[in-house]
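Novice: Fit chain X to the supplied structure of chain E, relying on the hints for placement.
Number of protein chains: 2
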Amino acid sequence: MSSAALNLTSQVLDLAQALPLDGGQQLDGVQVAYETVGRLNPDKSNAILVFHALTMDQHIVSPHPKTGKPGWWAKSVGPGNVIDTDRFFVICANVLGGCMGSTGPASLASDGQPYAMRFPVITIRDMVRAQVALLDALGIDQLHAVVGGSMGGMQALSFAANWPQRTRAVLVIASTARHSAQNIAFHEVGRQAIMADPKWSGGDYYGGKGPDNGLAVARMAAHITYLSEEGMHEKFGRKLQDRSAKTFGFDADFQVESYLRHQGLSFTDRFDANSYLYITRAMDYFDLAEEHGGRLAAAFAGCTARFCLVSFDTDWLYPTPESRTIAHALNAAGAPVSFVELSAPFGHDSFLLDVPALDRVIAGFLGQ
Amino acid sequence: MSSAALNLTSQVLDLAQALPLDGGQQLDGVQVAYETVGRLNPDKSNAILVFHALTMDQHIVSPHPKTGKPGWWAKSVGPGNVIDTDRFFVICANVLGGCMGSTGPASLASDGQPYAMRFPVITIRDMVRAQVALLDALGIDQLHAVVGGSMGGMQALSFAANWPQRTRAVLVIASTARHSAQNIAFHEVGRQAIMADPKWSGGDYYGGKGPDNGLAVARMAAHITYLSEEGMHEKFGRKLQDRSAKTFGFDADFQVESYLRHQGLSFTDRFDANSYLYITRAMDYFDLAEEHGGRLAAAFAGCTARFCLVSFDTDWLYPTPESRTIAHALNAAGAPVSFVELSAPFGHDSFLLDVPALDRVIAGFLGQ
Numbered sequence: 042m043s044s045a046a047l048n049l050t051s052q053v054l055d056l057a058q059a060l061p062l063d064g065g066q067q068l069d070g071v072q073v074a075y076e077t078v079g080r081l082n083p084d085k086s087n088a089i090l091v092f093h094a095l096t097m098d099q100h101i102v103s104p105h106p107k108t109g110k111p112g113w114w115a116k117s118v119g120p121g122n123v124i125d126t127d128r129f130f131v132i133c134a135n136v137l138g139g140c141m142g143s144t145g146p147a148s149l150a151s152d153g154q155p156y157a158m159r160f161p162v163i164t165i166r167d168m169v170r171a172q173v174a175l176l177d178a179l180g181i182d183q184l185h186a187v188v189g190g191s192m193g194g195m196q197a198l199s200f201a202a203n204w205p206q207r208t209r210a211v212l213v214i215a216s217t218a219r220h221s222a223q224n225i226a227f228h229e230v231g232r233q234a235i236m237a238d239p240k241w242s243g244g245d246y247y248g249g250k251g252p253d254n255g256l257a258v259a260r261m262a263a264h265i266t267y268l269s270e271e272g273m274h275e276k277f278g279r280k281l282q283d284r285s286a287k288t289f290g291f292d293a294d295f296q297v298e299s300y301l302r303h304q305g306l307s308f309t310d311r312f313d314a315n316s317y318l319y320i321t322r323a324m325d326y327f328d329l330a331e332e333h334g335g336r337l338a339a340a341f342a343g344c345t346a347r348f349c350l351v352s353f354d355t356d357w358l359y360p361t362p363e364s365r366t367i368a369h370a371l372n373a374a375g376a377p378v379s380f381v382e383l384s385a386p387f388g389h390d391s392f393l394l395d396v397p398a399l400d401r402v403i404a405g406f407l408g409q
Numbered sequence: 042m043s044s045a046a047l048n049l050t051s052q053v054l055d056l057a058q059a060l061p062l063d064g065g066q067q068l069d070g071v072q073v074a075y076e077t078v079g080r081l082n083p084d085k086s087n088a089i090l091v092f093h094a095l096t097m098d099q100h101i102v103s104p105h106p107k108t109g110k111p112g113w114w115a116k117s118v119g120p121g122n123v124i125d126t127d128r129f130f131v132i133c134a135n136v137l138g139g140c141m142g143s144t145g146p147a148s149l150a151s152d153g154q155p156y157a158m159r160f161p162v163i164t165i166r167d168m169v170r171a172q173v174a175l176l177d178a179l180g181i182d183q184l185h186a187v188v189g190g191s192m193g194g195m196q197a198l199s200f201a202a203n204w205p206q207r208t209r210a211v212l213v214i215a216s217t218a219r220h221s222a223q224n225i226a227f228h229e230v231g232r233q234a235i236m237a238d239p240k241w242s243g244g245d246y247y248g249g250k251g252p253d254n255g256l257a258v259a260r261m262a263a264h265i266t267y268l269s270e271e272g273m274h275e276k277f278g279r280k281l282q283d284r285s286a287k288t289f290g291f292d293a294d295f296q297v298e299s300y301l302r303h304q305g306l307s308f309t310d311r312f313d314a315n316s317y318l319y320i321t322r323a324m325d326y327f328d329l330a331e332e333h334g335g336r337l338a339a340a341f342a343g344c345t346a347r348f349c350l351v352s353f354d355t356d357w358l359y360p361t362p363e364s365r366t367i368a369h370a371l372n373a374a375g376a377p378v379s380f381v382e383l384s385a386p387f388g389h390d391s392f393l394l395d396v397p398a399l400d401r402v403i404a405g406f407l408g409q
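Line by line, the protein sequences are chains E and X.
Per my numbering, numbering through the first sequence is continuous, rising by one, with the last residue being 409.
Per my numbering, numbering through the second sequence is continuous, rising by one, with the last residue being 409.
Chain E on its own, in the form it takes in the complex (with noise of 0.2 Å):
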């Protein structure tokens, strides 16, 4: 379908005003990068704010600029399909730290270089914040709903507890209101592996070539966190890659070597090491209960939005329980809240996939 039929525009908002960070600085000259599709009503009433996770970014609908791949939602949000830009305008923005044209670590600071490591860490509230002030742009008081899934839908529940009054709707997709140990862990490991490849510098490698190599590998583990084990093991098994018997070498003999081989290597073309460190790094800052006193429930207590969460039996990365808290939370502070655990094989990565049974929940719900 053409840009046009889509309604689909791509764009760069230069913030009027310093972005306040919840580590204290104020970021100068930040740029948010978005894509909208659909159209905005004259009550500017049906919009939704779709948040991006880890490693996506604004390229919902329109295909990547880099890899040419169709945009990571394309599916699900068109005329006609599970998010119906017949009927909604559908706004998603690459998040702050990223490296698709909003402000990141490789953005220009004020002496004319890369901010490079020198760019400070952020926050998801600090990604939302930075969001919030393109609906401010876009003169949207009130969303339709705020939509994520992942780190997308951590965003969703941070704007949903620091701007209650802005949305009427906020569905979350296999997320969690804070990092586990073992969430902070695996993230802990892929930072180690790019500050170990002396191709990082310290983070000064703009202009020359990066560290690719600990990318790679900080890909690959992460990647793993987002499969399932059943799902690797119908997918890969055991099955060696184009050979007919083991080498006794160290090529890659198992499907599942080469496979998170390329992962780990296209990754490297699309994405800037950089900013996996400094959105990895606000994933694991995470804790939206910390925010508040200590207490999920009270992160809601002025929420008047309906809820609707989503887990998947084989989510290992932020398994069903994790979405459970949130609903107990919501529950207490008094929210409409339904909640869902989809059986799906794909692990984490089934809220990108195709999961029939979800395509339901996210129709249903948006269209109330």
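Since the hints were derived computationally from the structure, they do not count as laboratory data.
The reader is advised that the hints may include incorrect statements.
Identical chains share a label here; the pair holds if one copy fits it or two copies do between them.
[Stated by the list, open to error] Derived pair list, reagent style DSS-like, types lysine-lysine, alpha-carbon separation capped at 30 Å:
no., residue 1, residue 2
1, K250, K240
2, K240, K287
3, K107, K250
Specialist: Chain X in isolation, oriented as in the chain E frame:
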């Protein structure tokens, strides 16, 4: 307790003959470093061979020569202990491919230079074959038992399948009959982390500084798989390390980060990176059914030994279904087997930690 009181010896055996390998090669001049505890009785019927796990070694009771820490199973092996050396003669050998005295990639080849990556890729069965040669040298025809946890359990299974008459009992703890796609994937991340470190230099780093950064990352990734999510939550949660607030930086703010970094760094003091490559490869290649026509029961066709299998409910590296698969195969082969899943909070590492129920199973099974 003194070495004399333990009847502890530490020796290195030079194999008299070349060792045939599953890869088709023969390895000359193989050395097997081993420790014994207790006294071999006159009819040589009281010996127990304990196989060690991936990063352990022959120092089952004696302090580790590099770290000074107690032997890895010192709490369980000794006079009056769970494995009672007043009664049994315990043998533990460093695996082929290891780095604590048995022949491995750091050993000198016939040209006087370290093998490095010229070392042949070995299998779990090759490791066992070297230890069978040790039993031959000791004149032990039949063991009272073979015992092993994790990779040690793989060796115990391989021993039982390939040398069925040489033991009367087989105890396998927290192990598997084949490495799964997820198991292979985690090992591949570790190998790529090592090989991505420029100091790895194609394996030719002996005499200089090795790929410590890569090896540390490999260890960090692996270490996560040894712990349970619940255990990490109990032990670390989101507790901060020696600070009262997040630093908004990339230091180890969280205790779990600090712990993992320490695990990674300290590992490099005691382990050779090339050994890590070869041993993980051997584990990934392990598929006992495949070695026996694709049918696991066929692997145990000639077995007359008693078997005991133990799994842990929080072990997600080699979860209970892996042990159940082995139990079913043993049943199909008509071998006597007891199988128990124990409850313990420590994940895979439970086999090394304080689990009284495990002690009772071991003492009960070996005492028969």
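Novice: Does each hint fit the structure? Answer for all of them.
Specialist: Against the structure, the hints:
Taking CA atoms no more than 30 Å apart as the test, K250 paired with K240 passes in both settings, with 7 Å inside one copy and 18 Å between copies. When the C-alpha separation of K240 and K287 is checked against a cutoff of 30 Å, the pair qualifies only between copies, where the shortest distance is 28 Å, while the shortest distance within a copy is 33 Å. In this assembly of identical chains, K107 and K250 lie within 30 Å of each other by CA distance solely inside one copy; the values are 17 Å within and 38 Å between copies.
The earlier numbered hints are all upheld by this structure, with none contradicted.
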